[in-house]
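Enquirer: Sequences listed follow chains C and H, in order.
With the first letter of the first sequence counted as 1, position 175 gets the number 175 in our numbering; the numbers rise by one all the way through.
With the first letter of the second sequence counted as 1, position 157 gets the number 157 in our numbering; the numbers rise by one all the way through.
Quick caveat, the hints were computed from the structure, so don't treat them as lab data.
Hints should not be assumed to be uniformly reliable.
Unchecked claim - Which residues of chain H face chain C? A few of them, derived with a C-beta cut under 7 Å, are:
1. Ile153
2. Glu254
3. Pro272
What the hints assert, rightly or not - Which residues of chain H face chain C? A partial, calculated answer using Cβ under 7 Å:
4. Asp202
5. Leu204
6. Ala273
7. Asn435
8. Lys438
Note that the structure is a prediction, hence the values are computed from the model and not measured.
Glycine residues also receive a C-beta, built at the ideal position from the N, C-alpha and C atoms.
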Amino acid sequence: MSNAEVVPDDLLDAVYAEQPTAPDLAIRAEKKTKFAPWHHPVKQVVRSKQWADLTHRLLVDSRSPDQQKTLRYFTLPGADLLDVRVLAEALAPLGTKIEYFGFNAAPSSSMEGGAMAGVPDASFSAESALRQAGQITNDALVLTDRLEDIAIPGSQAANQLSQRQHFDVINIDGCDHLGYVPNGRQSSTFAALEKLLGHQLLFRKPWLLFITTRADAKLLGPHTVKMQGAILENIRDHGESFNPALADCIGANIATLQSDLNAAWSTQSDTFLKVYSVGLGKYLLHFFHGQHNLSADVELASVYTYPIQQTEPDMLSLAFRIIPHPLNVQPATAGTTSVRSPLEPEQGVKLAARAKRMWNIGIAVNEIDDLRSSAIDGTKKLLDAANYDLSAWQDWLAKHTTRAMQVEI
Amino acid sequence: MANAVEQIDDQGKLATWLSNPANEGRVVRTYLKTSDRVIARVTDGIYRQPSSALRELISNAWDADAKNVTILTDAPRFSRIYIRDDGVGMSHDVLARLLHNIGGSAKRHQHGRELGVTSDWDLEKSPGGRPLIGKIGIGLFSVSQLARRFQVITKVAGSNHRLVAEVKLRAYSEDGDYNEEIEAGDDSYVSGIVSITPQYTDDLDAHGTDIILDDVKPRVRDLLRSADRWRDVDETEAALDAGEIDSGASKRVEAPIFHSGWIAMMPRQGEPAVLDRPAHFPWSNEDPPEARMGKLMDGVESLSSSKKERPDLASTLDSYLEMIWQLGLSAPVEYVDAHPFDLKQSGDLRLFWLSNESRGRSIELPFASGQTVRAAVKEHSPGKIELKEGLDPVGGFKVNIDGTELRRPIRFKFYRTERSGIEQAMLFVGKYAPNLAKIPAENRGGKLSFESYLFWTGRVIPKENNGVLIRIRGASGALFDQTFFKYQVSEQTRLRQIISELFIQSGMDAALNIDRESFNYAHPHVQIMTLWLHGAIRQLTNRHKEESAKLRNAARREQAGQTTSKVLDRAELIWRQHRTNENVPDIIITKDEEEAGKAREQGFIALNRSSIPTLSSSLSADTTVREAQAAALTTILSAFGLLEDRSYEEQQQIVEAILSVFYEQ
């Protein structure tokens, strides 16, 4: 028996214990052969047509050349930084560097995090490549916390967020629905969204909010009540202008709008997806309208949908443009009651009109040749740069259970 | 299935393999090795603090002509550390050489030219013309101080590939329980294993180096997050709450005033991390990076009127902020406000030129309003000297840590410590370049030249900025040496009032020990530099004594005929017996803390009556007597140095404790 001194394990842990780290480089350097929904060309349509195009437009339309130099971007990037790569390429003509901040804790928290399940550092070389090429700033940082943790008071995630300035673009690219509460947590993705809205309140320039979410009529969390309530309030207060727009959006009859609305929330269909989009938009409008002197308009810039778990579309990619109002100077006679504009009826009508034009990109990518070929080429380029095995990707797409696709490589 | 990993331990073959496009996506393994046992030991860590490793990496980035270095941590968790620079990067040849010749840096050698790490025209300079800081070739391995495993991702401009290397270092052992040396198959000492893969890219312009530490050693994390200190604070507060200890005992453990927050229980993987104490930075989120070091200094300085005469970093800052401070001191970056040679005359500074003669005397230089020190020296110094230090010929170098741009945290402010003392700061500037030609080359130790300043002010804040700091090629590993290289003359008060830096322009490198934090005192350059420094201090103190004496005599004439109490007379007598050349301090009793703070700024030693029950509870008839006794007592305690470096609160507690012996409450 050894006569070595017996040292309690906690002392040894204090010195030798290591965090879980990535597999060896030899394993990480292999071509990747596991694919996830966001490797499908349909997702490339979202990245390119929605995120990149709208972001480019935001910078051109509402930022000075000097302000275009840096895009402050909140993201939930996966290990491969696919969204960042697409944005970087789209913004290169403007000379924009992306200063991203975000979280990538576990595969399920992020659309792109699954391919290298449990590998916290696979993004390092992708990140370095972008940085050394001058496409992201030196401050770009992804933390290993969960997005939902920013809703926990005093959490490290909230602490780090609070040290950041406002973002030009917030991209909540989730796999799950907004009411999702991860294991071991008590706060949902929706609670995190509310924290982010609070973080942005003092920002007085237009900014973009991208939300990608499962939208399943059977998986509606408590937050849906807020969305439904926002619609009902508009029906109650501004029915005259809002109700026809909403009825038109969801194909309902004005006379039976209430019951048609109730039905829309309970059945998975395009109507459900549209009412969900209007509900989320109305909730955002309510939020910003309620901020008295920090109010903002909310525009629904585009709505894309596609199927992911079912044959019917069940994913929504929503792009909102938030346009802060100028300071509202209160008259001296207002006393303790602030004078507020009426509840955003015009904005609500526009939301419904835009939601009506929801684009099913699952269908479009099959029917529109140019769209399909650009989506395939874009995905292929991204996956190649991220060290994926393209022939394995070709097989995966060909055998896809719900969205099979033949591609040339 | 994993690729078969090839092992290549020949430097030339490794470089060739890495440069071959056919090897894209493949991984090669090689031993990190050295033929020197001492160097093998060095790669396991030789520094006392985690910040030293970051200092070395910043120096490497400087040598690589980087303009920007960014260090990111997730303080106060410190689970990952990134060090990113936009320097020239490492080619396959440079990386292969580095891994197989630890401690055999190509910098400052002919071979460095071939590798592109040294200027074509001056071996002492970087390709971009900066004076090279590094010379040994162990800087990268200083990371072993922080983590056993790290990644290096590097690319040079013009190359069609970047190199991704994963370094795993072994813990050094002398007991033979690890036989990697044998596996190496030669006489080398193996310090670790490196896996490398080349990643090809069509982006030829990209360049820079990223170092990523994703498994920081647990004990290092504890050091960075001040874990031992916070645990003591938590335990003390809990004991106080439970009534288990008295409040006096609790004062021995104080929470830092400015800090990055505290997570008492580090969460297990997958659990949320929650701060038990939120961060309290001296800056706000809106403060730009370049303003934050200034805010950090403001925060520390602000405590001098409310907490302690000379606030110290150790009790004011947590380890993280102290690390930022120390890196700011050591890195070749700008000053928080202005370089001492670029200070402008605004009426509160006198300028002197230091003599290089062994018993020389400083010369006061005319210093016109709005003129810079540099300009005044050029115009009025003997020989019309043009000071070079502070003129950066190779462009800016910026280091940013978590949103704070490093600046040298040294300010040149005048603080009054005597009400009737010297009313201006004094800056002594000098330059020394001895002619060593007559010394045999083997004894000379090379050329030596430096510029220097000694700044006198009534109070150096923070305490740690007192002393002399030696900068070699703009960088410093050592902090301020408060002994001034063992200056022996008993000038304790004046020495505590001096900030000095020596800017070495040639020489001294060989005198720097391998950790770059200490010097070989036997080296002739250190001995010459020390003698010069001691002469400069003597010139400063002599000048200061003369000025003080004039003021003291004037004050005595003014006070002649004034009646003071016997106890104060007695206290002054004791003071003069112990502090011959120093003015008797002015003591004032104030009604509250605010008034005390103001009085301290004017040079008084202030006692706040309301904090001394023996004074505040006395009947009005006794008040004058007791206050005179308190002032006399304070004078005597100061004469013996018993109040030095104690907080104002502690000073008042001492006075109260003594008075209470005589005046029962």
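Enquirer: Now tell me, hint by hint, if it's right for this structure.
Expert: Hint check:
no. : hint   : result
1   : Ile153 : 4 Å, holds
2   : Glu254 : 22 Å, violated
3   : Pro272 : 5 Å, holds
4   : Asp202 : 10 Å, violated
5   : Leu204 : 10 Å, violated
6   : Ala273 : 4 Å, holds
7   : Asn435 : 46 Å, violated
8   : Lys438 : 51 Å, violated
Hints 2, 4, 5, 7 and 8 from the list above are not met by this structure, while the remaining hints are.
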